[in-house]
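Based on the sequences and whatever the hints tell you, model everything.
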Amino acid sequence: MFDVLVYLYENYWRPDACPDHAQLTRKLSAVGFESDEIQEALSWLDGLATAAESYVGEQGQRSLRVYSPAEQEHLGEASIGFVS
Numbered sequence: 001m002f003d004v005l006v007y008l009y010e011n012y013w014r015p016d017a018c019p020d021h022a023q024l025t026r027k028l029s030a031v032g033f034e035s036d037e038i039q040e041a042l043s044w045l046d047g048l049a050t051a052a053e054s055y056v057g058e059q060g061q062r063s064l065r066v067y068s069p070a071e072q073e074h075l076g077e078a079s080i081g082f083v084s
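Read in order, the letters of the sequence shown correspond to residues 1 to 84 in this note's numbering.
Treat the hints with caution; some may be incorrect.
[As the list claims (entries may be wrong)] Cβ pair distances, simulated, as ranges:
1) 19 / 70: 38 to 46 Å
2) 83 / 5: 37 to 45 Å
3) 9 / 73: 40 to 48 Å
4) 3 / 49: 38 to 46 Å
5) 36 / 16: 26 to 34 Å
Source of the hints: derived by calculation from the structure; they are not laboratory data.
The beta-carbon is built from N, C-alpha and C at its ideal position, and this holds for glycine as well.
Now the structure itself:
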């Protein structure tokens, strides 16, 4: 699946350049990807698009994210500073 996603990113990085699912499936098959890999990648992308559509909005100015000790240890100070 990841190889398909990388191929799509490298070749169709603009959303308006990407063909419909049927045509895209044919093109991906033609370059050698397996049918199950293609379907898994396209399903994942559909889920990503659905998640983006259900965005709830921006956080308020007074919002605060509290990281658990396990998250702090895993992410590190630099990563937490980057996303803050």
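Status of each hint after checking the structure:
1. For residue 19 paired with residue 70, a C-beta distance near 43 Å keeps the hint of 38 to 46 Å intact.
2. Evaluation of the 37 to 45 Å hint for residue 83 and residue 5 yields a failure: the beta carbon distance comes to about 23 Å.
3. At roughly 31 Å, the beta-carbon separation of residue 9 and residue 73 lies outside the given 40 to 48 Å, and the hint is violated.
4. Here the CB-CB span from residue 3 to residue 49 is close to 20 Å, at odds with the stated 38 to 46 Å.
5. Between residue 36 and residue 16 the Cβ separation comes to about 28 Å, which falls inside the hinted range of 26 to 34 Å.
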